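> Spelled out, the chains give:
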Amino acid sequence: MTISSDARVKFLSLLFLVVGALLLARLFSWQVLRSDELTELARGQHQISRAIPAIRGSILASDGFPLAAPAEAWLVWASLPDIEDSRKVAAHLAPILAPKPTPIEEEATESAIPTEKELILAEEERLKEILTKEGVVWVPLKHRVTRETKEEIYSLGLSGIGFDLEESRSYPEGTMAAQLLGFVGKDAAGEDKGYFGLEGYYDLTLSGTRGVKAWEKDAFGNPILLGISRNISSANGLSLQTHIDRSVQWTLEKNLEKGIERYGAVAGSVVVMNPKDGGVLGMASWPSYDPSRFTSFEEEDFASPVVGDSFEPGSIFKVLVMAGALDKEVIKEDSKCDICEGPKRVAEYTISTWDNTYYPDSTPTEIIQHSDNVGMVWVAESLGIEALLDYLERFGIGKTTSIDLQGEANPKLRSEADWTTVDLATAGFGQGVAVTPIQMVTAVAGIANEGRVPVPQVVDKVIGVGWEQDIKPQFQGQAISSGAARKITEMMINAVESGEAQWTRLRGFQVAGKTGTAQIAVRGHYDEEKTIASFVGFAPADDPKFVMLVTLREPQSSPWASETAAPLWFSIANDLFPYFGIQPK
Amino acid sequence: MRKFRSPVLRSQTRRIDKHLLFVVLALSLFGVMMVFNASGVDATRNFGDQFFFAKRQLIWAAFGALGLLFFSRIPYQLLQRFALPIFGISLLLLGLVLLPNFGISSLGASRWLEIGPIVFQPAEFAKLALVIYLAAILAKNRSLVLFLITVGLTTGLVLVEPDLGTAAVIAAIGLVIYFVSGAPLWYFFAILPAALISGLILTLTSAYRKERLMTFLNPEIDPLGTSYHIRQILIALGSGGLFGMGLGQSRQKYLFLPEPTTDSIFAIIGEELGFIGSAAVVLAFIYIIWKGFTIASRVSDPFGKLLAVGVTSWIGIQAVVNLSSMVAFIPLTGVPLPLLSYGGSSLITMLAAVGILLNVSKFQTAKAK
Numbered sequence: 001m002t003i004s005s006d007a008r009v010k011f012l013s014l015l016f017l018v019v020g021a022l023l024l025a026r027l028f029s030w031q032v033l034r035s036d037e038l039t040e041l042a043r044g045q046h047q048i049s050r051a052i053p054a055i056r057g058s059i060l061a062s063d064g065f066p067l068a069a070p071a072e073a074w075l076v077w078a079s080l081p082d083i084e085d086s087r088k089v090a091a092h093l094a095p096i097l098a099p100k101p102t103p104i105e106e107e108a109t110e111s112a113i114p115t116e117k118e119l120i121l122a123e124e125e126r127l128k129e130i131l132t133k134e135g136v137v138w139v140p141l142k143h144r145v146t147r148e149t150k151e152e153i154y155s156l157g158l159s160g161i162g163f164d165l166e167e168s169r170s171y172p173e174g175t176m177a178a179q180l181l182g183f184v185g186k187d188a189a190g191e192d193k194g195y196f197g198l199e200g201y202y203d204l205t206l207s208g209t210r211g212v213k214a215w216e217k218d219a220f221g222n223p224i225l226l227g228i229s230r231n232i233s234s235a236n237g238l239s240l241q242t243h244i245d246r247s248v249q250w251t252l253e254k255n256l257e258k259g260i261e262r263y264g265a266v267a268g269s270v271v272v273m274n275p276k277d278g279g280v281l282g283m284a285s286w287p288s289y290d291p292s293r294f295t296s297f298e299e300e301d302f303a304s305p306v307v308g309d310s311f312e313p314g315s316i317f318k319v320l321v322m323a324g325a326l327d328k329e330v331i332k333e334d335s336k337c338d339i340c341e342g343p344k345r346v347a348e349y350t351i352s353t354w355d356n357t358y359y360p361d362s363t364p365t366e367i368i369q370h371s372d373n374v375g376m377v378w379v380a381e382s383l384g385i386e387a388l389l390d391y392l393e394r395f396g397i398g399k400t401t402s403i404d405l406q407g408e409a410n411p412k413l414r415s416e417a418d419w420t421t422v423d424l425a426t427a428g429f430g431q432g433v434a435v436t437p438i439q440m441v442t443a444v445a446g447i448a449n450e451g452r453v454p455v456p457q458v459v460d461k462v463i464g465v466g467w468e469q470d471i472k473p474q475f476q477g478q479a480i481s482s483g484a485a486r487k488i489t490e491m492m493i494n495a496v497e498s499g500e501a502q503w504t505r506l507r508g509f510q511v512a513g514k515t516g517t518a519q520i521a522v523r524g525h526y527d528e529e530k531t532i533a534s535f536v537g538f539a540p541a542d543d544p545k546f547v548m549l550v551t552l553r554e555p556q557s558s559p560w561a562s563e564t565a566a567p568l569w570f571s572i573a574n575d576l577f578p579y580f581g582i583q584p585k
Numbered sequence: 001m002r003k004f005r006s007p008v009l010r011s012q013t014r015r016i017d018k019h020l021l022f023v024v025l026a027l028s029l030f031g032v033m034m035v036f037n038a039s040g041v042d043a044t045r046n047f048g049d050q051f052f053f054a055k056r057q058l059i060w061a062a063f064g065a066l067g068l069l070f071f072s073r074i075p076y077q078l079l080q081r082f083a084l085p086i087f088g089i090s091l092l093l094l095g096l097v098l099l100p101n102f103g104i105s106s107l108g109a110s111r112w113l114e115i116g117p118i119v120f121q122p123a124e125f126a127k128l129a130l131v132i133y134l135a136a137i138l139a140k141n142r143s144l145v146l147f148l149i150t151v152g153l154t155t156g157l158v159l160v161e162p163d164l165g166t167a168a169v170i171a172a173i174g175l176v177i178y179f180v181s182g183a184p185l186w187y188f189f190a191i192l193p194a195a196l197i198s199g200l201i202l203t204l205t206s207a208y209r210k211e212r213l214m215t216f217l218n219p220e221i222d223p224l225g226t227s228y229h230i231r232q233i234l235i236a237l238g239s240g241g242l243f244g245m246g247l248g249q250s251r252q253k254y255l256f257l258p259e260p261t262t263d264s265i266f267a268i269i270g271e272e273l274g275f276i277g278s279a280a281v282v283l284a285f286i287y288i289i290w291k292g293f294t295i296a297s298r299v300s301d302p303f304g305k306l307l308a309v310g311v312t313s314w315i316g317i318q319a320v321v322n323l324s325s326m327v328a329f330i331p332l333t334g335v336p337l338p339l340l341s342y343g344g345s346s347l348i349t350m351l352a353a354v355g356i357l358l359n360v361s362k363f364q365t366a367k368a369k
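If you read the sequences in order, they're chains F and X. Residue 416 in the working numbering sits at position 416 of the first sequence, with consecutive numbering throughout. Residue 18 in the working numbering sits at position 18 of the second sequence, with consecutive numbering throughout.
Here chain X stands alone, though its shape is the one from the complex (with noise of 0.2 angstroms):
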């Protein structure tokens, strides 16, 4: 009964973060209205309804949100009791995804699970269940074994799928997570740089990514090709300036811009917002992270500790790698932009996350230091 003999009962405020709380669902709803916007044509063009994606993501924002009102509601202490069969599911779903009966292949990679009539990304389940089982592992003793095979499973799985880039962000999330565990830090002298090769090898083995490094590392190549997406991405941006062509006048989404409602949409932010607008999200990404580990570092129950360090460091570092594709960084990955890229799964998990940071954040502890 450990868990619930909490030492900082007396100071908690058992109230959830109200400003985080309107700062995400303010995102999701405003993700709801750019997704109309970026995908109007698409959807006329192909569905003849040009509400068809923005309906659906407003569906799922209610179901986020209602996962989110469950998971701000229950016991967060209760996930750690769960987190193995959570867990197991999570990597029973990643490898049932595989199996050509359930799976859904399109270009190439199996990424998408048929059960009945929900389709979804078992990956994105993953990263909750991951985040979920290595904060009730690593709150109890930080194994380095354990991290490693908990982390190996999962980014494994995902990784046959293919997907490279959901792989690394969960990767990521997991080193995260053990490095404020504790662990010693030496130990990330050895394994980061470990992540990196491998992430370089399998980039260099797969025709696709080595096509995308190098068209990330000479951008002049190939307009028409393998550099037009990016090339896209760039001229939406640019078009916008400083205050954007306003709401709906996106010139760029008139089929020119590729993946105008999922990884690209926050270009299409920067061509009808401008400047104001797509910094004005990054700004909100920034406080939510920064609110997240400051929810974390005043709790004093390492699990919820480590759920949300977990939580805030998946929205951050899919952000981060979103973002930093958009704006040329790094080379296009595929990561969409947690909260307002179109994708019922991604949107639906996520909020179901936050409602856990928010559950944590009902116990943090008076500042004293």
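Here chain F stands alone, though its shape is the one from the complex (with noise of 0.2 angstroms):
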């Protein structure tokens, strides 16, 4: 053999020499250095992964009685290649799986309504399109069927059609507080999700947290034996306990009702808070909607007016402008209107009263008494627009007010440079600004309040396992002096007992009120015919226990809230006197 031989022999040695040392490099690349990548990846196909469901808190009245509670439902499921006959099957469940018709639907559009059949036909025809499906195995037939529905259908004995156990909301009190409590549905990942009112709000509190089960498994999906598995365990929902009475709540939703009806309104709210802390007892509005079946109402209905819409307050304002100027002493309780002879010109509009009698040298109770627009003037006027924005803004008026509810509405206020004179007169009578209900209700809660403006709570405690935890009392600020707030007192009981609305009053229970006639206006124009209907108190005067504002939308009985919206008001005070143990003096 020649050298040559052995020297090419030692050539094979170095290139395989070279290519080990190429494939140690390149197997470090891949085991080493993108380890951690690969390893994600792999932690990716061999773990799975299943959510531990939290329950869900309950919405407790003061009394603890619970308003929406989580209740135990079952999903019914189908394993389509265990079906036998898929006709067989829809016959069987469309009537018991069948929407019910509803007697509220009915009242609303008798001729759309379908019939009991017809439902049941369109639920059969919709299970047997799902139980026919093709490439699927597991289907869902209809999520929250209650436990009752579940042990009909298991009673079927039918073959490929299971059960599992999911959470819905169960009322126990029925539509009581509805848009108050808001409901429950689907977020768009299909996870539950509050909606409205307090669920929405307090979605996160009540939803808890929810755990994990890990385990690791084979290609096919089982678990593999040695495989590590993991479990977080779920954090129920915590509950909330409310200010609600339901005493106060069921009063207010009967009234209301009985007051729409019979003063023709197209709608209404009513309100009811505790001025010392701000707690709100009760808060109803109509039209209304049940939140365990809020797929079938419209959304406008969802979220409750008292903090959803603005309005324009009309005279119930006139005690916040008023209470201002006293606060400010620009107007003294025996100052006298210079302006109050006749109708008032500011600039290129008119103001009269509204009904165009006068009142020449009134004093501030007067003018609070005759809901005098024109003497209204005179004391914004005296304010001045700097002051009276002021003043507004310390009773909470051009903010939200905070309230623990979800879908606040926020009716802005013009800045300060956009104010005109004619503003300053109308604001001065409650035209040509919008609150909502909330606003005003806590305003006013304010007066009662020696001067100091609550925030509005609905929730009085968040309540775990073992614990609870007390949610404090909050006030926005002091708007007014005691003094002044004493004061405007005094003038609202003077209207309430000597004002157009006398009439109506409770004899022997003293409170301060104030009616409220607002023109709706429509494209930039007041409407002569549709007006809100409202009024404002609280009781008793001395000792305020609640203060409550109602308002009508579109009354046809009467435009005037003194005929209206201040009967409706003393009606239901009738019903909490003796609740609140207010004897009459």
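Calculated directly from the structure, the hints in this document are not laboratory data. Predicted model only: the values in this text are computed from it and were never measured. The C-beta atom is built at its ideal place from N, Cα and C for all residues, glycine as well. It cannot be assumed that every hint is accurate.
Said to hold, decoys possible - Listed below are the simulated BS3-like cross-link pairs for lysine-lysine, each with C-alpha atoms no more than 30 angstroms apart in a straight line: (1) X:Lys55 with F:Lys10; (2) F:Lys10 with X:Lys18; (3) X:Lys55 with F:Lys217; (4) X:Lys362 with F:Lys10; (5) F:Lys10 with X:Lys140; (6) F:Lys461 with F:Lys545.
As the list claims (entries may be wrong) - Some residues of chain F that are not near chain X, with every Cβ distance over 12 angstroms (derived): (7) Ser13; (8) His46; (9) Gln47; (10) Glu124; (11) Ser234; (12) Ile260; (13) Gln502; (14) Arg507.
The two chains are supplied separately, each in an independent frame; assemble them into the complex guided by the hints.
Here it is as structure tokens:
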């Protein structure tokens, strides 16, 4: 053999050494440098996890009775390969699963309401379509059926039909406080989520934290024996104890419905608050909806108009303007209106009183008593734009009240620079400004609470397992001095006793209140026919237990608040006095 | 009697290379263990016996060890005398496998021959036969024509099975032996490009080979289809990290990784034992190759030298091809990892071949340059 032959062997040895080194380098790259990235991929295909649901917390009335509570519900599903005769199964299930025709819907649109038979036929079609789907094995048929429905289906003994436990929401008091509560729907990812009201505002608190159960699987999805499994248990949602008093709430709803009917209003709301701590004792509005069947209702019915709608307050606003003037002492109790002898011209507008009656040299008390627009122009002009805006802001007008309900509207006040003398004059009697009912009632609660404006609160306590936390009352600040508050209160008492609504007052009870009749602006003009009638007041005037605002939209029996909102207010108050233990004097 | 008139008789050690023997046997037993680790899930699933594959591999390792013992004892020079019959038998078996009566077809290829209770791959035996026969003829004269006919016949028969990977390995072994036999270098400038081009043509004219090549060039395509296998290999290697998940702890063997006991066993080794373990395997092969070539260069008998080169390059080329496809240097080929992959034909012939190498190692001359 030649030397050249051995050299060739040497060359081959070196060649393999080089290739070996390259392999090692590449191996190092995969196994060490890119290990994390590949391990992540491995985890992705080896691990499987399932969420452990957390039970949603309850919403309780002030006495601890649940208004909304978690309830057992069942998902009905089908395993398609095990279904023997999909037509038969659909025909069996349809009468059980079909939605029941509901009385509320029947009232609303009688002709369009499908009969029970039509509903069953539609359900049968839907089921048939699902049961004959191609390329799927497992299909959900219906979510959230009750245990009774589940038992009924189970007793049919259909093969291929199964059940999984789910959570649903039950409403032991039915539709009570529906808009206050909100409802639980599904978010984009198909998870439970609270919408509107308390369910929306406290969604995170109520929903809790889901747990995870994770384990390792083989390529066919079966768990592997020596695999590592991991459990993170779920934390159930917390419960909310509200200030809502079931008796008060029931009274409000019953009376509001009656009032709406009696006065022929298209809508209405009423809210009752404890002025001392801002606790919302009850809140009702009409039209409302049924939270357990929220999908059958229009979206505009979901948000409570008490927090979600704004309106021109009209004369009830006068008490805030007057309170500001009294606090700033630009008007004294014995001041005399020097422009009250007739209609007042402001720029190109003429401002007159509601009944075209004029009272020269009126005192502030008389201005409130007569609900004198011209007199309020005098008060507003005495205050001036800057001071008026300052007081409105102190009363919480122009900003949200921070009430713990989802969907609060925030009607803005114009900025100071945009205010004209006309705006100043009309604001004096509550026109050209917009407020929400909750802003209005909260501002008047400030008057009732010696000038200190509370933050309205629905929830009183957050309750976990073995612990609870009080939500402390909060205050927006001192809007006016207690002296000024006492003076405006006296004027409101006088307005009730001697004003145009005196016929409906309750003798023996000292109520401070004010009517308001605001025309509804339609395309920049006020509609003479359409009004929002309102009454705001608190009682007993010397030590208020509650402050209440009633609004009625477009009452037909009379456009005037004194003949609609005021009597409704007093009929509710009549129920509340004995409940709050308020004795007639 | 030229064969027995060795000129280096006086300095012969007459002892086999114990280090080499140790490494090879250790690697084989390690292979049995890894086959058990890699196959337990599949064996339980399909045969109800988690030791199903491991037991067979162990039996083959035992037969292989006997073969190794046998070939390390009989004078290797005898092989030169029987080179032609051995080669003839190998061609015969390669031909038989193509006949439907004898061959077992699976997945569109006929690679297995069934004779009585024995099922084996003639291509594995053909590698051994080719090494012996080429060494025998090239030790006498370096006839290009004879070389081309010998290698051409063997690779041709393997190619029609079809098994391009094995055919390429066989051709490469042949080329290395021819190269060391002293063939003029310029021949290779003609043969190598020709071999590469024909390989490329064969790849592009076959749908599944083309697919593998495309997957290799663009690994992102179709992660659940064509690139699934290489992706699972890399996931296995990567999740092993530096130290591995521990023996028996592979997750990829849970039916994620295809061919975990045969072609892809190295991926399981990497996953369970980490870079430390897989690098040790690579180093073991480097050691065997280095040792084999050292033996070749220290043996003066041309036949012995070419035998040593043939066996060494067989182990080396096959290991490099398998490992290169594991680390995604080259497309997946279906070439098993010598001594480690599950498979009787491969393990037994490989151990027998190592026996020949050890036999040759007894005839090393003391290093005297």
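> Against each hint, give a clear statement of whether it holds in the structure.
Here is what the structure says about each hint:
Note on Lys55 (chain X) and Lys10 (chain F): the hinted pairing is violated, with a Cα-Cα distance of about 40 angstroms set against a maximum of 30 angstroms. Annotation: proposed proximity of Lys10 (chain F) to Lys18 (chain X) holds, straight-line Cα distance about 22 angstroms (limit 30 angstroms). A hinted pair counts as satisfied when its Cα atoms are at most 30 angstroms apart, and Lys55 (chain X) with Lys217 (chain F) qualifies at roughly 27 angstroms. Distance restraint check for Lys362 (chain X) and Lys10 (chain F): the Cα-Cα separation of roughly 20 angstroms lies within the 30 angstroms cut-off, and the hinted pair is therefore satisfied.
Distance restraint check for Lys10 (chain F) and Lys140 (chain X): the Cα-Cα separation of roughly 22 angstroms lies within the 30 angstroms cut-off, and the hinted pair is therefore satisfied. A threshold of 30 angstroms between alpha carbons decides the hint, and for Lys461 (chain F) with Lys545 (chain F) the separation of about 20 angstroms falls inside it, so the pair holds. Non-interface call for Ser13 (chain F) relative to chain X: violated, since the shortest CB-CB distance, roughly 4 angstroms, does not exceed 12 angstroms. Non-interface status of His46 (chain F) relative to chain X is broken: a Cβ of that chain comes within 12 angstroms, the nearest being about 5 angstroms off.
For Gln47 (chain F), the non-interface assignment is contradicted: its Cβ lies about 9 angstroms from the closest Cβ of chain X, within the 12 angstroms cut-off. For Glu124 (chain F), the requirement that its beta carbon stay farther than 12 angstroms from each beta carbon of chain X is met, with the minimum near 39 angstroms. At roughly 27 angstroms, the least C-beta separation between Ser234 (chain F) and chain X is larger than 12 angstroms, which holds for a residue marked as non-interface. Against the 12 angstroms criterion, Ile260 (chain F) stays outside the reach of chain X, whose nearest CB is about 63 angstroms from its own CB.
In this structure Gln502 (chain F) is separated from chain X by more than 12 angstroms, as the shortest Cβ-Cβ distance comes to about 83 angstroms. With a minimum CB-CB distance of about 84 angstroms to chain X, Arg507 (chain F) clears the 12 angstroms threshold, and the non-interface call stands.
Of the hints listed earlier, those the structure fails to meet are numbers 1, 7, 8 and 9, in rising order.
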